[in-house]
Amino acid sequence: MITCKKATEFIIQREEGKISFRQRVQLWLHMGVCGLCKLFYKQSSLISKTIHHLHEHIDDQLSAAEKEIMINALGREA
Amino acid sequence: MPGLNAQKWVDDYSDMLFRFALPRVNDKEIAKDLVQDTFLAAWRNHDNYKGEISEKNWLFTILKNKIIDHYRRASTRLTEKFPGTSESGAYFDDADHWTNIAGPQDWGVDYNKNIEIKEFYKILEACKKKLKDIQSTVFSMKYLDGFESEEICKELNISPSNYWVLIHRAKLQLRACLEKNWFIK
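From first to last, the protein sequence lines stand for chains A and B. Counting in our numbering, the first sequence runs from 1108 upward without gaps. Counting in our numbering, the second sequence runs from -19 upward without gaps.
Derived from the structure by calculation, the hints contain no laboratory data. Careful: at least some of the hints might be erroneous.
Here are the computed lysine-lysine pairs in the PhoX-like style, where the Cα-Cα straight-line distance is at most 20 Å [claimed, not checked]:
(1) 1125(A) - 134(B)
(2) 8(B) - 109(B)
(3) 36(B) - 98(B)
(4) 1174(A) - 8(B)
(5) 1149(A) - 160(B)
None of the values given here were measured: they were computed from a predicted structure.
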């Protein structure tokens, strides 16, 4: 039986499709008896999915003064 | 330069470009500088802009290249600080099984659904910011920019085994941080 550390490594490699058939079998056997790694598996894929949307939820803005500096810098190029 | 309007460019695109850069570089000043550099590069090379893609996409293409340059610079600065492999010891015991404190807890959400709560993303961003140096760069390249592991190794000049150690540790750390700050209060 593989360890939890190994299982979490396989879980992450699996998300990229970088896992052999043998490793896949080892992972499923491990998760069959290890609830913690099964949770990690679900949470890891949720994180991978949600992180793609991170930028949609960022509302930081540049201040008017910072924009003015940019405009002026471009003006000097003209 | 005829036909170019600095005011309009900055009004239309600066915040958009800034918000794209920010989570990738984790630093407002750096993100701002990258946006500024993008405008300058676009301004100077406007003669080469063929209009095949929209002005917006063209600016984003320039910004993406600037971000990759930034990743590369960050990784060369940090090779000497490459973290040891012992750190994941914080999550696993001597037998490499989860420790009592670090083992995942159920978040009580539908794991197959996207989360649409603003505060969650604030915490996700904060947790991502806590990733250190090259770990953060690798994580951004993989999860924000969607690069393949081979490309990341090549751009940052790291070995595949280093890559997997970095991404594994980043994921463990981010998961633990999210659990601590969002799901379990």
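**Item:** Indices of hints not satisfied (ascending)
**Value:** Those not satisfied come down to hint 3.
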